[in-house]
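Engineer: Please build the complex by placing chain B on the supplied structure of chain A, with the hints as guidance.
Order-wise, the sequence lines are chains A and B. Okay, so the first sequence: first residue is 1 according to the working numbering, each after it adds one. Okay, so the second sequence: first residue is 1 according to the working numbering, each after it adds one.
You may find that some hints are simply not true.
Cβ-Cβ distance ranges computed for the label pairs, FRET-style [stated by the list, open to error]:
| no. | chain 1 | residue 1 | chain 2 | residue 2 | range |
| --- | --- | --- | --- | --- | --- |
| 1 | A | N209 | B | S6 | 56 to 64 Å |
| 2 | B | R124 | A | A152 | 22 to 30 Å |
| 3 | A | L328 | B | P122 | 47 to 55 Å |
| 4 | B | M130 | A | A152 | 39 to 47 Å |
Calculated from the structure, these hints are not laboratory results. None of the values given here were measured: they were computed from a predicted structure. Heads up, the beta-carbon is just placed ideally off N, CA and C, and yes, glycines get one too.
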Amino acid sequence: MIFKWFNAEQGSAVERFAKRDRLNPLELLPWILAIAAYYVFPSYLPLGSQILLTILFAISLDLALGYAGIITLGHAAFFGVGAYSAGLYALHVTGEPLSGLVVAAIAAGILGLLSGLVILRTTGLTLIMLTLAVLLIVQEFANRARPITGGADGLNGIAMLPIFGVFRFDLFGHTAYWYCLSVLFVMWIFGLLLVRSPFGRSLTGVRENITRMHSIGAPVRRRLVTIYTISAAMAGVAGALLAQTSQFVGLATLGFERSGEIVIMLVLGGIGRIYGAIVGVVIFMIAQDSFARANPAFWSFWVGLLLVLIVLFARGGALGIADNLVALLRGRKK
Amino acid sequence: MDAFLSAFVSILFHGLAYAMILYVISVGLSVTMGLMGFVNLAHGVFAMLGGYVMTTLMNRYGIPFGFALLAAFIAVALFSIVLERLLYSRLYRAGELEQVLFSIGIIFMSVALVRYTWGALPQRMVVPEMLRGSLDFGFRSFPTYRTFLIIVSFGVIAALWLGIERTNFGAQVRAAVDNRRMAESLGINTSKLFTLTFALGSGLAAFGGGMGADILAINPQYAQDYLIYFLMVVSVGGLGSIRGPFVAALLLGIGDTACRYLVPEFGAFFLFAAMMGILLWRPMGLFGKA
Numbered sequence: 001m002i003f004k005w006f007n008a009e010q011g012s013a014v015e016r017f018a019k020r021d022r023l024n025p026l027e028l029l030p031w032i033l034a035i036a037a038y039y040v041f042p043s044y045l046p047l048g049s050q051i052l053l054t055i056l057f058a059i060s061l062d063l064a065l066g067y068a069g070i071i072t073l074g075h076a077a078f079f080g081v082g083a084y085s086a087g088l089y090a091l092h093v094t095g096e097p098l099s100g101l102v103v104a105a106i107a108a109g110i111l112g113l114l115s116g117l118v119i120l121r122t123t124g125l126t127l128i129m130l131t132l133a134v135l136l137i138v139q140e141f142a143n144r145a146r147p148i149t150g151g152a153d154g155l156n157g158i159a160m161l162p163i164f165g166v167f168r169f170d171l172f173g174h175t176a177y178w179y180c181l182s183v184l185f186v187m188w189i190f191g192l193l194l195v196r197s198p199f200g201r202s203l204t205g206v207r208e209n210i211t212r213m214h215s216i217g218a219p220v221r222r223r224l225v226t227i228y229t230i231s232a233a234m235a236g237v238a239g240a241l242l243a244q245t246s247q248f249v250g251l252a253t254l255g256f257e258r259s260g261e262i263v264i265m266l267v268l269g270g271i272g273r274i275y276g277a278i279v280g281v282v283i284f285m286i287a288q289d290s291f292a293r294a295n296p297a298f299w300s301f302w303v304g305l306l307l308v309l310i311v312l313f314a315r316g317g318a319l320g321i322a323d324n325l326v327a328l329l330r331g332r333k334k
Numbered sequence: 001m002d003a004f005l006s007a008f009v010s011i012l013f014h015g016l017a018y019a020m021i022l023y024v025i026s027v028g029l030s031v032t033m034g035l036m037g038f039v040n041l042a043h044g045v046f047a048m049l050g051g052y053v054m055t056t057l058m059n060r061y062g063i064p065f066g067f068a069l070l071a072a073f074i075a076v077a078l079f080s081i082v083l084e085r086l087l088y089s090r091l092y093r094a095g096e097l098e099q100v101l102f103s104i105g106i107i108f109m110s111v112a113l114v115r116y117t118w119g120a121l122p123q124r125m126v127v128p129e130m131l132r133g134s135l136d137f138g139f140r141s142f143p144t145y146r147t148f149l150i151i152v153s154f155g156v157i158a159a160l161w162l163g164i165e166r167t168n169f170g171a172q173v174r175a176a177v178d179n180r181r182m183a184e185s186l187g188i189n190t191s192k193l194f195t196l197t198f199a200l201g202s203g204l205a206a207f208g209g210g211m212g213a214d215i216l217a218i219n220p221q222y223a224q225d226y227l228i229y230f231l232m233v234v235s236v237g238g239l240g241s242i243r244g245p246f247v248a249a250l251l252l253g254i255g256d257t258a259c260r261y262l263v264p265e266f267g268a269f270f271l272f273a274a275m276m277g278i279l280l281w282r283p284m285g286l287f288g289k290a
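Here chain A stands alone, though its shape is the one from the complex:
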């Protein structure tokens, strides 16, 4: 099957163009693996849910960073706002989870829209600084607005109602795993449709050559703000999943570490290709779970080294390396 997939990419340019948006069988592999993982590693379900919601967070970042080229170190702001609003909604309104996701998406999306409108006028270091500033302001607010957010203690005692009134969240994380998986699946489809739409293609244009996009009359800023808002809303959903499945929201959801690590995971997998988010998060979080437990002090050294090596030698990340290997194999076959 794998070889058939390789061949499918050959053929005339027209054929390839016609086929480019078709789902290829390999794209179902992650989902088969995710379902298999449920049965093979039943004791690792909480980690599994964490991985799934982090993948969603990474995909949301990929939309902004990978496709539109918006370099941000403050994406945790949206994750955190999603987590807090889902948590507050569950505490004060209702523990119904799906509407909680919607609330989180709207809250994070509004923040994305408002901050995007102002900060996306800038580029380069200034933009990086402004994304950080937004994160720091939200962080400082969550830290100080004790009566609302609980400050450093976070939001405790979040109780969730069953999903659709049927599926109860259990202690072992069975429901949480399926819940995260389903939400991720829906968001993944949405992401794929988005990046393969004309809108998504125009984002790549903005990333690759912003001057040309301006000169052909594309509304560059509107595109950037739109994708930033969508990306923020999606990150908010990821945050909401964390709040609902762990039933706790702390300041760490807004941490600079979370912002930095998600960029690292995405780069590790390969940016601008959706699947990089999946591969990178899975590798990173499994490595973190096993490595960091053995020697937590040195974990950050390996992450740093890996980053430096990727930047110097393998800009495409893990999937980039895979691409090169495939190209190498194909070359030999000819």
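Structural biologist: Quick look at chain B alone, frame taken from chain A:
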């Protein structure tokens, strides 16, 4: 009224000391960013190393403060040359994202290595006998060490500005910041120039990090914790500028001290909001080239 005046004076004084440290640490970053356009988030690592070298020499080997500080400057400057030639120089033509990731990688590695070598606790900074206590200025007395710190920083800054304005090397740096291609075609070896500037900037960061060890505590998370402050000085001041960051450091140092003193319940909220405002008003910084 007296209480108000006294609070005002002490905010000004401590803010000034803080600002001097921030400026001495960050000025090198501004120049290197202006010269090569390299987004180096890991600049704080050099300041941290300076602090560690100094405190280790003082606490473990009993070397006097002045010499230890000088040794930190030289050791870190030399180390940064190695790093620049081996790693940084490969990425001058790379995109911003690569540079950001690379320097985050350096920060992460530094955190682990420093914790491994020196432990997780902040380093003790023993102020020499001579500089302890406080100085009486007649109308008020100020802590001796902070006064000393402000005076030394002013000396360093004066030397730096004179050097940039009056020496041949300084003229070359200014030329290269203004227009690198033109400078190159006039026969200036910008790559060598950059290595030297990088070393000088890192050495200054080490100097500032060492001298300011009692304001910005030397601990393994240093480069990460204070990253935002160094970046704020540089981006609000304007990349490539020497004076811009000075003004930015003053605003930040005094502003931050005032916020902590007057509205502690808001933390650094106003500071970040002010930075956002300034950057939106002038995206290239207060003194940056448009």
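Engineer: What are the numbers of the hints the structure violates, in ascending order?
Structural biologist: none
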